[in-house]
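S.K.: Here are the chains, one letter per residue:
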Amino acid sequence: MEERQLLKVASIYFSILGFTMYKHTVKNTRYAFNDLKTLMAKATPFRSGDALANLCADRYEERVAAQMCLADLPLKTFLSEMVIPYESDEISRLIIDTHDAGSFSAIASFTVGMLRDWLLSDAATTSSIQELKYAFTPEMIAGVSKIMRNQDLVLAAQKCEVVTKFRNTIGLKGRFSSRLQPNHPTDDLKGIAASIIDGLMYASGDAVIGINPATDNPATIYDLLQMLDSFIDKFSIPTQSCVLCHLTTTMQLMQQNAPVDLVFQSIGGTEKTNKSFGINLSLINEAYQAGLALQRGTVGNNFMYFETGQGSSLSANANDAVDQQTCEVRAYAVARHFDPHLVNSVVGFIGPEYLYDGKQIIRAALEDHFCAKLLGLPMGMDICYTNHAEADQDDMDNLLLLMGVAGCNFIMGVPGADDIMLNYQSTSFHDTLYIRKVLGLKPAPEFESWLIQQEMMDDDGKQIAVSSNHPLLKYAL
Amino acid sequence: MEIQKIHIQNDPWFALRRFTQARIALGKTGVCIPVHENLQFKMAHAFARDAVYTKLDKDILVKGFGNFDLPFLLLHSRACDRKEYLQRPDWGRRLNDASVEILLKERNSVAYDICINIADGLSATAVNHHSIPLLQQLLPLINSNNFSIAPICLIEQARVAISDETGNLLKAKISMIILGERPGLSSADSLGVYLTYMPAIGNTDESRNCISNIRTEGLAYKTAAEKIVYLIKESMRLKISGIQLKDSNRLT
Numbered sequence: 000m001e002e003r004q005l006l007k008v009a010s011i012y013f014s015i016l017g018f019t020m021y022k023h024t025v026k027n028t029r030y031a032f033n034d035l036k037t038l039m040a041k042a043t044p045f046r047s048g049d050a051l052a053n054l055c056a057d058r059y060e061e062r063v064a065a066q067m068c069l070a071d072l073p074l075k076t077f078l079s080e081m082v083i084p085y086e087s088d089e090i091s092r093l094i095i096d097t098h099d100a101g102s103f104s105a106i107a108s109f110t111v112g113m114l115r116d117w118l119l120s121d122a123a124t125t126s127s128i129q130e131l132k133y134a135f136t137p138e139m140i141a142g143v144s145k146i147m148r149n150q151d152l153v154l155a156a157q158k159c160e161v162v163t164k165f166r167n168t169i170g171l172k173g174r175f176s177s178r179l180q181p182n183h184p185t186d187d188l189k190g191i192a193a194s195i196i197d198g199l200m201y202a203s204g205d206a207v208i209g210i211n212p213a214t215d216n217p218a219t220i221y222d223l224l225q226m227l228d229s230f231i232d233k234f235s236i237p238t239q240s241c242v243l244c245h246l247t248t249t250m251q252l253m254q255q256n257a258p259v260d261l262v263f264q265s266i267g268g269t270e271k272t273n274k275s276f277g278i279n280l281s282l283i284n285e286a287y288q289a290g291l292a293l294q295r296g297t298v299g300n301n302f303m304y305f306e307t308g309q310g311s312s313l314s315a316n317a318n319d320a321v322d323q324q325t326c327e328v329r330a331y332a333v334a335r336h337f338d339p340h341l342v343n344s345v346v347g348f349i350g351p352e353y354l355y356d357g358k359q360i361i362r363a364a365l366e367d368h369f370c371a372k373l374l375g376l377p378m379g380m381d382i383c384y385t386n387h388a389e390a391d392q393d394d395m396d397n398l399l400l401l402m403g404v405a406g407c408n409f410i411m412g413v414p415g416a417d418d419i420m421l422n423y424q425s426t427s428f429h430d431t432l433y434i435r436k437v438l439g440l441k442p443a444p445e446f447e448s449w450l451i452q453q454e455m456m457d458d459d460g461k462q463i464a465v466s467s468n469h470p471l472l473k474y475a476l
Numbered sequence: 000m001e002i003q004k005i006h007i008q009n010d011p012w013f014a015l016r017r018f019t020q021a022r023i024a025l026g027k028t029g030v031c032i033p034v035h036e037n038l039q040f041k042m043a044h045a046f047a048r049d050a051v052y053t054k055l056d057k058d059i060l061v062k063g064f065g066n067f068d069l070p071f072l073l074l075h076s077r078a079c080d081r082k083e084y085l086q087r088p089d090w091g092r093r094l095n096d097a098s099v100e101i102l103l104k105e106r107n108s109v110a111y112d113i114c115i116n117i118a119d120g121l122s123a124t125a126v127n128h129h130s131i132p133l134l135q136q137l138l139p140l141i142n143s144n145n146f147s148i149a150p151i152c153l154i155e156q157a158r159v160a161i162s163d164e165t166g167n168l169l170k171a172k173i174s175m176i177i178l179g180e181r182p183g184l185s186s187a188d189s190l191g192v193y194l195t196y197m198p199a200i201g202n203t204d205e206s207r208n209c210i211s212n213i214r215t216e217g218l219a220y221k222t223a224a225e226k227i228v229y230l231i232k233e234s235m236r237l238k239i240s241g242i243q244l245k246d247s248n249r250l251t
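Here the protein sequences come in this chain order: F and W. The opening position of the first sequence corresponds to residue 0 in numbering that gives the first Met the number 0, with each subsequent residue numbered one higher. The opening position of the second sequence corresponds to residue 0 in numbering that gives the first Met the number 0, with each subsequent residue numbered one higher.
The calculated label-pair distances, taken between Cβ atoms and stated as ranges, are: (1) F:58 with W:236: 52 to 58 Å; (2) F:297 with W:54: 51 to 57 Å; (3) W:26 with F:294: 40 to 46 Å; (4) F:113 with W:201: 42 to 48 Å.
Each computed EDC-like pair below joins lysine to aspartate or glutamate, with the alpha-carbon atoms no more than 16 Å apart: (5) W:226 with F:215; (6) F:441 with F:458; (7) W:245 with F:215; (8) W:41 with F:394; (9) W:41 with F:393; (10) W:82 with F:389; (11) F:358 with F:389; (12) F:274 with W:205; (13) W:41 with F:391; (14) F:271 with W:205; (15) W:41 with F:396; (16) W:41 with F:389; (17) F:271 with W:204.
A short, non-exhaustive set of chain W residues, derived as facing chain F with CB atoms under 10 Å: (18) 15; (19) 89; (20) 122; (21) 182; (22) 189; (23) 241.
It is worth saying that the hints were derived from the structure and are not from the lab. Note that the structure is a prediction, hence the values are computed from the model and not measured. For each residue, glycine too, the CB sits at the ideal point set by N, CA and C.
With the sequences and hints as input, model every part of the structure.
M.R.: Pasting the structure below:
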């Protein structure tokens, strides 16, 4: 605390004298960055959202100068200067208050650049990275990601293994899971059930069967939860359900004894963003405590499910002049506080004003996955784009392969990649089969056993053709 | 060596297609989507890409307003064209100077209950197809509840939050905007409606209620109109809108 205050005083003193805290000289040009958040923003690989916020570097040279300056920055700086002040933002307070000074001491003398080189070295292993979970703050990890190439983000993320459990085990190395997303524009129960059958037949749904409802009507959501629960129960499917409504609606439904497995909420990385979502840390904690009491998991009890995405803070006018990627990573501090079963970024969903094209979407997804994994989150990815973005299915194929190699926990499974309720394109059930095939990955172990037992998959992970007499189909047809 | 042609088999659950427009039971070759379905997908994406660039059909809309005997105003956001609109949502949320002038002239001492805005959003196709039929269902319900309606604002290159500015300038208690949603592959013409109680510049999403997917295969005009009027009445009664105002008309 004292050190932070001292640096703050020094910072004010220097700015009065006309000095700036962060400087870098390239040939004869001296680049100066007034504060940490400016340095972070200028060092960020280009994306439309930072241009919209008027935060990005003016030229390539300024961007690389900022990256050089950032590389030389001591990690300690991130503990003394917050991008949003401790006093004015509860997420800043959460970050500082949960920081583990003990484990940090091992890297206390590192600069950001040294951390990058260490992460890529053979000295950084799955377990040594895991031990640093709370030594890392979101801003440190956002900072290091900004000076990493795409291949660095893949390699370092691949070292991580974040395993979570509810009715099955997600995130083991060699496994690749899928959220079955059977959305329907009017929440029609039969329409949703048809998509669920389709997904299960194509071996999707181990991460969760998760519906985005078309309305936030509690009665409709109650019906959806009942349907999912009785279906999972009838066929003893080792998976969990979720209806992705607002947290307050889920809390109301838990009180009415609705069969809630995973408790969902979209979150952002500033207190103001979360206010715009109608939530705060204390409300999430209240929902967490209510969920904890249900004890509906069988192999474990990770039951929170969070979605995030770059640009949400700017979209809510709540970014406090912090670049969108740094805001995103701060949301992971919120997520990890509640031991979630699943977290994913909805990377391409937000639109071209934040991530303009395939190149920007791919870069952002790699950053989100890397940063979340380093901070200890069970990260998945909604590999997706909207129809007003400059992207198409080929960009998503590229990203899917990158995510598979990087060790992403799960992706979405949407019939034919076309979500008819949310009006965007994600990944299909076929995409999950494809990535498992080309990379030799398998579903979550409990789900794999169930697929084999149902004679839908053989021991080598190959799909078996089923007849219309299959119990699941007899039930549906 | 003999090479056999691949015959794509229908999935045994093909009959489930009657329950949903979702792309289920596509079949497969190896683990991949068969060629025909793959190209159907690409064509749908082509439709959606084109829908983003359609324009409001002002002639048809204005003719439609004439049938309701309601005055209307033609307004424009600060985004000059589609390219600016896509990259600068902040400009799409605010009226240009000329439009503010128009509203200031229109503003009178009497406050209205409801300001109705109609805007292109991300699919003018949706607005061109569905806004007049929706109003046909909606306006009688609003009138039967004796709510007063401000002149209809028809706004080009606009986003949801522009309704805060129009509603505020016209002194309406509730500002409602009807606009085209982000086109999907099987729905390039889906309409959304957002309601805000006490509209003011700077309001965020938590202060709004939304009804989406209004289109032929989605939420019917009549049901949508009933939902909207239910929300208007509840909003007026409780003097709030947004997440605190649940759409709980099915709960007893």
